[in-house]
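Novice: Protein sequence lines, in the order shown, are assigned to chains A and B. Okay, so the first sequence: first residue is 3 according to this note's numbering, each after it adds one. Okay, so the second sequence: first residue is 430 according to this note's numbering, each after it adds one.
Don't read these hints as lab results, they were simulated from the structure. For each residue, glycine too, the CB sits at the ideal point set by N, CA and C. A couple of the hints might just be wrong.
[Unchecked claim] DSS-like, lysine-lysine: derived pairs with alpha carbons at most 25 Å apart:
| no. | chain 1 | residue 1 | chain 2 | residue 2 |
| --- | --- | --- | --- | --- |
| 1 | A | LYS279 | A | LYS309 |
| 2 | B | LYS715 | A | LYS39 |
| 3 | A | LYS228 | B | LYS566 |
| 4 | B | LYS715 | B | LYS700 |
| 5 | B | LYS461 | B | LYS700 |
| 6 | B | LYS575 | A | LYS226 |
| 7 | B | LYS617 | B | LYS566 |
| 8 | A | LYS331 | B | LYS575 |
| 9 | A | LYS39 | A | LYS226 |
| 10 | A | LYS39 | A | LYS309 |
| 11 | A | LYS226 | B | LYS566 |
[Claimed, not checked] Quick list of simulated restraints, FRET-style, between CB atoms:
| no. | chain 1 | residue 1 | chain 2 | residue 2 | range |
| --- | --- | --- | --- | --- | --- |
| 12 | A | PRO119 | B | VAL527 | 31 to 37 Å |
| 13 | A | GLY304 | B | THR504 | 53 to 59 Å |
| 14 | B | GLY450 | A | GLU14 | 20 to 26 Å |
| 15 | A | PHE308 | B | VAL527 | 57 to 63 Å |
| 16 | B | GLY560 | A | GLY177 | 55 to 61 Å |
| 17 | B | VAL527 | A | GLY177 | 31 to 37 Å |
| 18 | A | SER229 | B | GLY599 | 46 to 52 Å |
| 19 | B | GLY599 | A | LYS309 | 53 to 59 Å |
| 20 | B | LEU714 | A | GLU14 | 53 to 59 Å |
| 21 | B | LEU690 | A | GLN11 | 39 to 45 Å |
| 22 | A | GLU14 | B | LYS443 | 30 to 36 Å |
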Amino acid sequence: MPIHDIRYQHWEGAHVGVWGRRLVIARNGLMAVLQTKGVWQLVGMCWVTGLAMSAVLFMVGQLLVADSVVVQWAGNLNPQLQMFVRLLTTWLEQHPEISVRTTQNILFHYYSMYLMPVSIFALGILVPLLITRDLASNAIIIYSSKAISRGDYLFGKFCSAFALLGITWLGPVCGAWFVGNLVAPDWRFFWHSRAAIGHSLVFVVSGMIVLSVLAMGMSSVSTKEKSTPAFWYMWWIFGGVITPIAAHTQPWLRHLSFNYDLNQIAMAIFRPADDIKIAQDNIPLLGDMLRNIKPETMAALGTPAFKGAIVALAVMGLLSTLIIRRRVKPE
Amino acid sequence: MRADTSLPLIIETKGLTKVYGQQRALDAVDLKVAPGSIGLLGPNGAGKSTFMKCLLQLQPITSGSACLLGREVGTEGREIRKRVGYTPEQDCHIPGMVGCEYVTYCAQLCGLPFQAARQRAHEMLDFVGMGQERYRKIDTYSTGMKQRMKLAQAIVHDPQIVFLDEPTNGLDPKGQAQILELVHSLWKTYGITVVVSSHLLHDVDRICEQIIIIARGRVLVHDTLENLKARKRGAAEVVVGERHAELQAACTRQQWVSELLPNGHIKVEHKEDSLNPLLNLLHELKIAPLEIIPSPNALEETFVQALEISHANT
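For reference, chain B alone in the conformation it holds in the complex:
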């Protein structure tokens, strides 16, 4: 239940608890998280946003302790936030402000001098794909533009870690893909740790290397996506142009269960640790697959399984 912690820890919590009245939003959370792209998964009301807010000191911690970037949350809040970016779930801009002014202002609030703030603001607006719209008032922006603006304000001061709360909410598929690609590049290309909170498994599957599953204020799973997928080996989705029936018949001969999915992919449960038997079969049939997706639903299955265990224990 723990990802690789040989790297210097970026988040460390001990018995982190947050209580709202009778409700325990976080229940003694112990975590050690190394830098990377981290997916924070959980159903609505699981405690994902509360976890982020406690780390950012937007919510006071009821008990326990938390360290972010090696600094104690609660005593070094201002210093921590200088190195941290945050995109909240809801809309939160300053009305009446023009886009580039807003991002410049956010950079200045993090301590950048005006000239540098203005230059960085334009660079980040370029980076998130905002064109001339940056000279318009934010009130007039579409949801997609506001999401980009939120991302720009979160990274304008060059943070070491960025918390993104439901970054693709309200976006169309194209907008979602663009935002996810940008977020993915932050860690992959520029080395900025990204913590993405989402209930959309597909988004997290696409961009995250580490997975933390939270439910009822408790951490149920913390592992790398690779390890989670390794646990769920034995199934694959094969994309072939034609000859679906021939492949399914061959699978049946091997005593593998196969199913033609509505999207045209064939799901094969080969029950092997490796994809080699499946590849050999395709080779024998002389079928050139367009794509093979190993363990296609590993994350979803892990997620559902973790939730079921959590429900059973309570």
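Chain A with its partners taken away, still in its complex shape:
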């Protein structure tokens, strides 16, 4: 016999608003993927690289201080190298707005690009858990019978994907910037590196939105939980294979790769060619070394296929939306 009252009890509390319900869906999706084997290792890897990035920023920061640890190390290695480093630091100290801005912009460009494939891989793990599983198990009917609309459901699922990317991509980038500048020799580093973090935020958040929408579309394609991640990874790999081939045949085909498109957008946002030009023109010694970069490489860096990438990603996003609209129904 139960020791407590098992009769039906009416409930008269206050309801949570619709945003609360959307967040419940997002939280549930995120928790589901975080319980999947291997995801914590991926997340850990992203944050460890964030720490490594902070260490790199610390080293770069030390270059801007006379008699810093780096100068002493250089001296221990080679007196001539110490001279070179001393000369460089003297100049850099006098032009922090160029040195900090340029260095961090380049570093964060590459760091953001480095984390993107890891995030795409992590998103592949989430793909079957996003919508595929709900379609396969008819859970979509349960969602549809609750106090949420289809839009609320999709927004919640979008937030799951966005949050996962936040953990594997945006979080480490912001963390690295914050910690890296916290250990810098001067508080003004935060100010001088504003362009780097600004560009990173614009690119990473845009990428997160695009990838989340594409992942949702892919997740709606099939009701088989093994198929949708396979399609996702195949699309990614296909893009990687077709990009170098298409460069010599039909260049527009490269836009079939979302990875390539995001890469072009990153180049348009971070503008690494401008930074290299500034370095070539202003920084002694290092600028001379950077002049050795091939003109075609500089041209590629300076003229990213931004419009093509935007159009391609918009078309992919539209297709995803159409698939979601067609597939995500209670029946």
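Got chain A sorted already, so can you dock chain B onto it with the hints?
Specialist: Showing chain B alone in chain A's frame:
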């Protein structure tokens, strides 16, 4: 063809029509339904589930209008579903989720804060008779457990009305009885309107006060079970321990037709509005009946008759 509508209406439809391609699943359904335990009867493919789904906005309405709990379906879907529970016919849970987590999650989707949702989930799992199994993944549940889980998720947010689509499908007789008892108590004891869609007349007969018979997308009958039974008076099943032959002989003397059924009951067609003549006869014979079931097949006969009329009209 209409049940008592003096109570505030809980369901109201005007010309509700749903068309799938060439098929009219619902054909201009006009209904006014008062709160209670309502049985939605009809053969397979009659439009019962479609009717429920249209009310819950799981299917868009082709034409006409529908109001649930006084709110317009189509414009106030989210608000309506906050007050409505639904157990679909098919299995539909979230794989990999533990039972109590699932019910908690469903409560949160209806707007309950987490603490309240968790507490309600456990209360409802107690109510539907789920024990320690609630801590297991739903994927491992038996059909009976899944049916209980479906009922728990449908009532966890304390709805005003619950739609149950074939709630006893796949259950053994004991499981069926338990589920029907729970469903019956929802209206009888706790005042939650229950709409049960079934093709099993016996289930509906046991727990419903109002009957809606649907066939070919049209409402053929909408009345209280009591009224339907009143129309079919004149027959009763008598359960007696012994002396079957003596009772049958007495019936023959009264010019009543009687028949010994395989279950041992005697079916008597006394053709009277009241049971009194039959009771008097039993009294004269000094037979103490174990049970008398008035109008035992009223629902079945009404159902068959309604379907025959529907077929004849088309």
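Novice: Now, for every hint given, state plainly whether the structure supports it.
Specialist: Structure-based check of each hint:
no.	hint	in the structure
1	LYS279/A - LYS309/A	23 Å, holds
2	LYS715/B - LYS39/A	76 Å, violated
3	LYS228/A - LYS566/B	20 Å, holds
4	LYS715/B - LYS700/B	22 Å, holds
5	LYS461/B - LYS700/B	33 Å, violated
6	LYS575/B - LYS226/A	22 Å, holds
7	LYS617/B - LYS566/B	32 Å, violated
8	LYS331/A - LYS575/B	23 Å, holds
9	LYS39/A - LYS226/A	19 Å, holds
10	LYS39/A - LYS309/A	39 Å, violated
11	LYS226/A - LYS566/B	20 Å, holds
12	PRO119/A - VAL527/B: 31 to 37 Å	34 Å, holds
13	GLY304/A - THR504/B: 53 to 59 Å	54 Å, holds
14	GLY450/B - GLU14/A: 20 to 26 Å	45 Å, violated
15	PHE308/A - VAL527/B: 57 to 63 Å	48 Å, violated
16	GLY560/B - GLY177/A: 55 to 61 Å	46 Å, violated
17	VAL527/B - GLY177/A: 31 to 37 Å	33 Å, holds
18	SER229/A - GLY599/B: 46 to 52 Å	29 Å, violated
19	GLY599/B - LYS309/A: 53 to 59 Å	58 Å, holds
20	LEU714/B - GLU14/A: 53 to 59 Å	57 Å, holds
21	LEU690/B - GLN11/A: 39 to 45 Å	43 Å, holds
22	GLU14/A - LYS443/B: 30 to 36 Å	33 Å, holds
Figure legend: structure checked against the earlier numbered hints; hints not met, in rising order: 2, 5, 7, 10, 14, 15, 16, 18.
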